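We have chain A already, so just place chain B on it with the hints.
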Amino acid sequence: MVSFRGRSIVSIRDMSRDDLIKVVCTTELVKQGELSGFLNGKTVATLFFEPSTRTRLSFESAVLKSGGSVFGIADPKASSQSKGETFADSIRTVSGYCDVLVIRHPVEGAARMASELSSTPVINAGDGANQHPTQTFLDLFTIKESFGRLDNLKIGMMGDLKYGRTVHSLTDALAMFSNELVFISPPSLQMPGHILKELDDADIRYRNISDLEEAEDQNLDILYVTRIQKERFGDPQEYKKVAGIYRITQDTINMLGKDIRVMHPLPRVDEISEEVDSMPNAIYFTQAHNGIPTRQALLGLVTGGLN
Amino acid sequence: MTRAYKVYSIENGTVIDHIPTPLALKVIRILGLGNEGIMTIGIGFNSERHPRGKDILKIENRELSYEETDKIALIAPDATINIIKKGEVVEKRQITLPSEVKDILSCPNPNCATNQLGARKHFLLENKDTVTYRCAYCERATVVNADMLASK
Chain A
4 MVSFRGRSIV SIRDMSRDDL IKVVCTTELV KQGELSGFLN GKTVATLFFE PSTRTRLSFE
64 SAVLKSGGSV FGIADPKASS QSKGETFADS IRTVSGYCDV LVIRHPVEGA ARMASELSST
124 PVINAGDGAN QHPTQTFLDL FTIKESFGRL DNLKIGMMGD LKYGRTVHSL TDALAMFSNE
184 LVFISPPSLQ MPGHILKELD DADIRYRNIS DLEEAEDQNL DILYVTRIQK ERFGDPQEYK
244 KVAGIYRITQ DTINMLGKDI RVMHPLPRVD EISEEVDSMP NAIYFTQAHN GIPTRQALLG
304 LVTGGLN
Chain B
31 MTRAYKVYSI ENGTVIDHIP TPLALKVIRI LGLGNEGIMT IGIGFNSERH PRGKDILKIE
91 NRELSYEETD KIALIAPDAT INIIKKGEVV EKRQITLPSE VKDILSCPNP NCATNQLGAR
151 KHFLLENKDT VTYRCAYCER ATVVNADMLA SK
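Line order of the protein sequences matches chains A and B.
Positions in the first sequence are counted from 1; adding 3 to them yields my numbering.
Positions in the second sequence are counted from 1; adding 30 to them yields my numbering.
One chain only, chain A, in its complex shape (with noise of 0.2 Å):
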């Protein structure tokens, strides 16, 4: 049986189909109210060495859910780092204090190297553009939630695909059931070699198309929008270009079909117009409230407060 406890939540390279699952029915069981209580006497540290509003406050609810008390820096000037302190005798310092510590840092790798010096479980909130787990895990919990499973989907995702971190993460995912996937993206914008080898060797069906059009004979069910960054292009005439053709309306919706959903990890720009928030194929606001249930679970199963 999947264990977790006592384990770092560092990189969605690290789990197994069966991890996965695991984390996925504990969110369900967290979200139904069947688990209470678990982190009773447990104490969560919350290192931000950048600022993440929306992910601290995520956690931080998590915690106050599920029983524990919370603690952290929100903002690295105020931590002991801008005295000169070492990043590694911080997490060794601060590991100390608490029952897990969840990081997020703007450098690559800070999450695992501080699971290395640290004497209690880490979650990796986010470690610059590598890696952001407990995203890709709610992401996981929000399709198995409105599908009823995580295989068999037809599962398309749109914006940029070179950069973002979210989508790479979500393939490596995606890729340990058997679904497949449409990559929508400008041509300068698309999914990196080495994802679709790893697709490739792992036998997953998937295709690369540049138009949004071409989506529509493709049945899709989930349509996941990420937001394509003005700082990617050179040319502001050639984002303005890009921006406006990857751009979700409710006609858009009725072009791909009346039972897709569409999922984004927030902030949106204007990737969604805010005409398609009150469609029932809109999920991406229960996404993002899905985060709590999925943040309870993990500090649950690793704290061993869940099983």
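Honestly, the hints are just simulated from the structure, not real lab data.
Hints are not guaranteed to be accurate.
[Said to hold, decoys possible] DEER-style ranges, computed between Cβ atoms: (1) A:E219 x B:Q124: 51 to 59 Å; (2) A:E37 x B:S129: 38 to 46 Å; (3) B:Y96 x A:L32: 34 to 42 Å; (4) A:H292 x B:L63: 56 to 64 Å; (5) B:G148 x A:S64: 29 to 37 Å; (6) A:G9 x B:P52: 43 to 51 Å; (7) A:Q253 x B:P107: 54 to 62 Å; (8) B:E130 x A:G196: 18 to 26 Å; (9) B:A176 x A:D21: 34 to 42 Å; (10) A:S55 x B:P52: 45 to 53 Å; (11) B:E130 x A:H292: 19 to 27 Å.
All of these numbers come straight from a predicted model, not from anything done at the bench.
All residues carry an ideal CB built from backbone N, CA and C; glycine is no exception.
Same frame as chain A, but now just chain B:
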């Protein structure tokens, strides 16, 4: 006519042949060899295998371990290893890529914890055919090249 040895033969030790020119000095660095005894380096010999020439490295009185010689595969996968005892070749050794490499390779990602926070350099083998390793910290996969050899 007797062959004139351009690089002296050794009595005991390790001979590394078929290193593509000019990587002999980098092989020494990979092996972490310092002032431990006599080493003979030959650079730029004619070679059918390597159009730009090959280098030869002879390390006297030191029999390299498998762990050491496998590291050579990172930059010179075609290199051959001969262990010499009393003037005779007692072992011809094949080299294979190590499954993990610590301290030797530097991650090319400037925003990696190994470059920013002092994490120990650590790579895991991703693909043997392309000599691709994945950084254990930032998780980026890179095809190994000689520029990745750590300066210390």
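Structure-based check of all given hints:
1. A C-beta distance of roughly 55 Å is found between A:E219 and B:Q124, which places it inside the suggested range of 51 to 59 Å.
2. Our hint of 38 to 46 Å for A:E37 and B:S129 holds, since their Cβ atoms are close to 43 Å apart.
3. Separation of B:Y96 from A:L32 is about 50 Å and departs from the stated range, judged on CB atoms against 34 to 42 Å.
4. The hint said 56 to 64 Å for the Cβ distance between A:H292 and B:L63, and at roughly 59 Å that hint holds.
5. Taking 29 to 37 Å as the suggested C-beta distance range, the pair B:G148 and A:S64 conforms, at roughly 34 Å.
6. In this structure the supplied range 43 to 51 Å holds for A:G9 paired with B:P52, their Cβ-Cβ distance being about 49 Å.
7. Between A:Q253 and B:P107 the C-beta distance comes to about 57 Å, which sits within the given range of 54 to 62 Å.
8. With their beta carbons about 24 Å apart, B:E130 and A:G196 fall inside the hinted range of 18 to 26 Å.
9. For B:A176 paired with A:D21, a C-beta distance near 41 Å keeps the hint of 34 to 42 Å intact.
10. Between A:S55 and B:P52 the Cβ separation comes to about 48 Å, which falls inside the hinted range of 45 to 53 Å.
11. Evaluation of the 19 to 27 Å hint for B:E130 and A:H292 yields a failure: the beta carbon distance comes to about 41 Å.
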